[in-house]
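Fit chains C, R and W to the given chain Z structure using the hints.
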Amino acid sequence: MLGVGLAAVAAGLRGASGTAVAAPAAAAPDASASIKVGVLHSLSGTMAISETTLKDVMLMLIADQNAKGGLLGRKLEPVVVDPASNWPLFAEKARQLLSVDKAAAVFGCWTSVSRKSVLPVFEELNGILFYPVQYEGQECSRNVFYTGAAPNQQAIPAVDYLMGEGKVQRWVLAGTDYVYPRTTNQILEAYLKLKGVAPADILINYTPFGFSDWQTIVAQIKAFGSAGKKTAVVSTINGDANVPFYKELGNQGIKATDIPVVAFSVGEEELAGMDTKPLVGHLAAWNYFESVDTPENTAFIDGWHKFIKNAKRTTNDPMEAHYIGFNMWVKAVEKAGTIAPDAVIDAMIGVSVPNLSAGYAAMMPNHHLTKPVLIGEIGDDGQFDIVSQTPGLVVAQEWSPYVAETKDLIGDWRKPLSCGAFNVKTSTCGAGGGKHA
Amino acid sequence: MRRSLLTPALVLGVAIVLAGLNLATPAAGALHVSSYVVSLAGKYLCFAILALALDLVWGYVGILSLGHAAFFALGGYAMGMYLMREIGARGVYANARLPDFMVFLGWHDLPWYWLGFDHFAVAAVMAVLVPAALAFAFGWFAFRARVGGVYLAIITQALTYALMLAFFRNDMGFGGNNGMTDFKDVLGLPLHADATRAALLVITALVLGAVYLAARALVGSRFGKVLVAVRDAEARTRFLGYRPEAYKLVVWVISAAIAGIGGALYVMQVGIINPSEFAPANSIEAVIWVAVGGRGTLWGAVLGAVLVNFAKTWFTAALPEYWLFGLGALFIGVTLLLPKGLAGLFARGPVRRTAPRGAIAEEGAR
Amino acid sequence: MRRLACLLIAACLALGLAGAARADDAVAALAAPGFERTRTAVVALGRSGDPRALPVIVALHDGALYVRTDHALFIRAPAGFVDAATGVPAPEVAPNTVKKVRVNNAVREAINDALGALRLFASDPSARIAAAQAVFHAHDPHALAALDQALAKESHPEVREAMVQARAAALLFAPDASTPDRLAAVATLRARGGMDARSLLDQMTGQPPAVAAAAASAVTSIDRTLQLWNLVQGVYYGISLGSILLLAAAGLAITFGVMGVINMAHGEMVMLGAYTTFVVQGLVLAFVPALSAVSVLIAIPAAFAVSGVLGIVIERTLIRWLYGRPLETLLATWGLSLILQQAVRTVFGASNRAVSTPPWMSGEGHLGGLTLTYNRLAIIVFAFLVLAGLMAVLRFTSLGLRMRAVTQNRLMASAMGIRTPRIDALTFGLGSGVAGMAGVALSQIDNVSPNLGQGYIIDCFMVVVFGGVGNLWGTVVGALTLGIANKFLEPVAGAVLGKIVVLVMIILFIQRKPRGLFPLKGRAAEA
Amino acid sequence: MTLLYLDGVSVSFDGFRALNALSLVLEPGEMRAVIGPNGAGKTTMMDVITGKTRPDTGRVVFGEDTDLTRLDEPAIAALGIGRKFQKPTVFESHSVADNLLLALAGDRRARRTLWARETADEDSRIEAILATVRLSPERNRLAAALSHGQKQWLEIGMLLAQDPRLLLVDEPVAGMTDAETEQTAALLRDINRTRSVVVVEHDMAFVRALGVKVTVLHEGAVLSEGSIDHVSEDPRVVEVYLGR
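Chains as they are written, first to last, in this note's numbering: chain Z, 1 to 437; chain C, 438 to 803; chain R, 804 to 1330; chain W, 1331 to 1574.
Below, simulated EDC-like cross-link-like pairs (lysine to aspartate or glutamate); rule was C-alpha separation at most 20 angstroms, straight line: (1) K902/R x D865/R; (2) K68/Z x E296/Z; (3) K167/Z x E839/R; (4) K255/Z x D865/R; (5) K309/Z x E758/C; (6) K1382/W x D669/C; (7) K229/Z x D1005/R; (8) K1543/W x D1500/W; (9) K255/Z x E1167/R; (10) K903/R x D385/Z.
Restraint ranges, calculated between C-beta atoms of paired labels, are given here: (11) S1454/W x Y550/C: 54 to 64 angstroms; (12) G196/Z x A994/R: 31 to 41 angstroms; (13) F783/C x T1223/R: 31 to 41 angstroms; (14) A223/Z x A994/R: 15 to 25 angstroms; (15) A570/C x I204/Z: 27 to 37 angstroms; (16) Q1211/R x A223/Z: 50 to 60 angstroms; (17) R1384/W x G1166/R: 48 to 58 angstroms; (18) D302/Z x W1276/R: 56 to 66 angstroms; (19) N1470/W x S441/C: 11 to 21 angstroms; (20) H1169/R x D302/Z: 47 to 57 angstroms; (21) G883/R x I204/Z: 45 to 55 angstroms; (22) Q1211/R x L547/C: 58 to 68 angstroms; (23) L547/C x S427/Z: 23 to 33 angstroms.
Quick caveat, the hints were computed from the structure, so don't treat them as lab data. The beta-carbon is built from N, C-alpha and C at its ideal position, and this holds for glycine as well.
This is chain Z alone, in the form it adopts within the complex (with noise of 0.2 angstroms):
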């Protein structure tokens, strides 16, 4: 009765409405008024722990291209909101922020959960969201700039790391139970059974957000780790769970020489949470660390810490994405001389601006940045100490070549393939992608 119900009733405002299409989110811009820039960071909730951070640093780079004249002669107005880690309002936010603010572009999301519920509004009031965290990848949207990792710009360099100077061979892939972990799990199993690695020698581990009872899964890394092989944990265990995990690693006394932990969602941020002096030799693979020795990355900390009026406060690698994110689109939006969305995404691919480890962060035409992998040990100052860096820049893969449905996918947003699952095989775009043409 329903079903027929919506029928009926949309044909009939259908019929009365004419054709109904979405209004552009920046409609008709008009010169003198001011830019709006989306801020869509959860600031209550479980996920303000690690998202207030980000909505503080949008608005100090804000500030700063105020204080440089602003953009295109119009000053620059950040839009807060708060999602409230709360996701079906992400999407109900996303959406007040381009048809309403009109907002030129935004900058948020941390979860994927979050971006998943988002992306159908950006894409259909056809908005622009930068998405500053590390990935499962799996996905290649015309609106959407992914400025964080992909699994193979943080996680294959890490384990090659341990490989190599760990001369580790038995490995347990600990994790919390979401899509991200489990693609990268995915990911680094095939690989590491490429490189050998016996199905006997894995341990894969999932455990519920918030987890904080770590004794019996810590005990069993520990058994696991005594079989005679040099062992080390991947950790894409998220958020809150990971201060309990590491407070129970230093309790049953599992030292970086014993059985070395490297972390993908673990930075400065979380280590101010935690003594770190038991954790020392443990590891993180990021893009980016605050101990990064360059006057760039110095300057920005002194902003920060400015900014936030606070030398204690630390920086990290979703912050160092935002800072990149954002001069991307200042620079998109000048070569463009427009914030109309269309204009701003073809100008994108192609920019490429310093990131703060004395390189160049260029946006790929799969709206992926390219991205240097360091490999950092906590030290006891709370800091991460730099010992092993990809020499190289690293490009991102967003669809997993170990999944056999997307192993043949590309994205590519340049004219005239305009593509976000481009099969190479078929040379057809994938459904997938398709929607986003």
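For chains C, R and W alone, coordinates are given in the frame of chain Z:
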């Protein structure tokens, strides 16, 4: 009878006006209602349906459920599964047989419990049936064992919490933490078209109206009188020969089914359903809508749901840093100053006596 | 100093100056960049037996070894820089002209192994045991000579044992060891048992068949004992988790169990306790650093006071208006919890706060094959102390007497001149205070973040309801049962499924026994 | 043939013996007053008869051979045993008429009440009862708005509407004016013409006014039985009431 029609008529009227303005006026026009407002209104009305369901059990039989969002979410999942199937080969992996997340998990064929969900009718039925069935199973034991008051509240909370954890698991086959999203269309109509969205709003309003009238008829019947009797003096109804557990069970199941309907409409308009809908906090918020509006009056529940959610929308944008203070204060203020909610301001008749102090222990032990 | 001296002499006796030349190359190699070279240099240095090796390695270990652009090495001593090669002070070196020699895990491992071998001659027995264990861990055949030396002059039984075991371990990996020696070594390790012995024996493949067989059987026998211990270990984990739940729920057992107030902000009381710990730690560090090791203990009363006083305030301003309306109380306190969370977020910031674990609470002890992590142990003890205290208050103090009087028969109590409102406030304060103390414990194992409380509130209610409202013993049994059940289900069903199963079991249990394990009996409960 | 037969019924709450091998026989059509000091077990006796409390030992036989200890409250109520509480309990947020409507004998099952419509017959019965309990003018007032005495009567009225064979009345005149007490006594005698009644009461004057056989309970057992004069001369009763 006219008064009973007032609320649904009002809701429907507003819905139609919004939908009309959204479609009929030019985007730049002064009268134009953005699709944002339309989808927002649709969301509010879905919550209003949930609030009605909750008010039936809490307001009229005095069963406080801290897990009603679970029934809402189950309805949502049922409909979500259908919408997922509707995507067909347009998913990221262009796989016509399996939803994206199953492809991603490396599954090869559809789990049995997904069969049939490519038909809207099946999903619609399930959206009502599944919550109802769960409610029946749960209530059958709970009410027979005379679990009541605070105890029931807490185990309903445990129920929704357990469901949340369960749905978080990717192996469950419901999309794990990400749940289901990126829906394309319903019954062949594109979900992202303004016309569909407007239509959904109107239909939600119609459903809400229907549910409202049904609920009204229910509480107006002798059955309804027994419900209130159970709320006021359960022991007395027993000595009169009634079986409160049976009455509770019936209304509990009905309420769950209504919540399910709300969820089904919700997922169509919000475009995502995932385990966080099971979060105990959501259920508590729903209770608060009813409390704010005024438990024991159906229109109060509707009013509360719309008002609180509007406040939330407005707060989170206007003062993102401090809105929780506002919301918290609102809850405290209402419970302290308006024990009968906003509806209490208009209520006639004597204010219900609050039980004497010390009744707590009994309430707890009942 | 004396110790170092005698150690040096011992080292000289042991190995003579033969290795001096090698040592010089090694020290030079240390100066060259690259972790791998540093590592090999440390290994060489360790084996050289050169008296100058120890101070250099120690310096590297403490991050006090610096290199100058001309590859000269210096040790930063309190007095100033000292030339690493010669050991003579080098006052001319300025801090900005030298860079710290960087280490990574591989280097750290080498350092530990090397130090082990070099410290076998330390005067302090415990140091020698530690050294022996390090050698055991390294099982480097090169250490055999040193071990034999040390054993020859070792009298201390425990040290001997450790050294014998270390020797066995090293011997297994010595290419030129004879089969009987190996068999003896295997026997020694089998007798020693434990994870690490097992892991060494596991590598005995490709040995003479006799040895391989012996090793294999040793591994199985060790595994058997380990399995037994695992069971006990599981119980310990369960009790430890249970004690956490107990702590968190004890306060609720008072406010909810005794007073019947559903305090949804209970979790936030716990959270405030954790933040108090953080603040106290900061203050202690700032003003009386000497006490920083016990700042956690200082935090306990502080947390009790903070949460307790807040509790009293809440009772007076909010709860008192809602007595008899438990469901409304639930809503109001929920609102309150939102406010408290956001308040903490505004004051302390959204991100986690670091609460360090004092030395005496970190690390682990062994009881047979049982591993007892000290901080968990401390929390278990603390939990039961708190419980005992709570019971004492309820039983023996006049406050407790009044509390019970009021909760049993309010009218009678007030008729007898008990100021019931005051008692209500104090009772609620007590419950909240206990919650605060729980926060101190949680700060040792969990995030100190605004969301801390939310993670526990549901479990708390489960425990109280499961155990039976208004009965502290019920809470104890409830907490421990849930804890142990959780820990035994986890390995079988996985963490998530385990928790689900427990929840479902509770739901079913409540249906069977609506009033929990230890229900209040009598007509009062029947009403 | 007896209507109600309690045979050696014992109940104890954690140690405290509320009923101690209590035996009691009630003839059809009889009105019986049960008195006794506090804690004598009067209310517990009621609880046992109406199925609220299960006895530890003993049998409670109703009519021919129905063992009440096997049934729960609604089933017992359906057999025709009505109970009035010490503290008047009526449905506060219902009108007086609705209170009676819900009490009227009829099908109690949910699926029936869902579609039930108020019949003329029901209406007239309500009118009749309203008249009996002197509440006709209050017909449409909310029960919550009634005076204490009126609530007591409304509750009795609900019992009548139930049309039971046996009424258990717990302290019906507690807190009533003398006038109201008078009327209540009359009312009960009136009811007793067609039904058996058990009255638990403290108020001796009232019991005397009823003028029926009296059972004195003490420490959960029958202490004495007989006419009011007989029991009030019984030294043990005097001891229990006036002693200590």
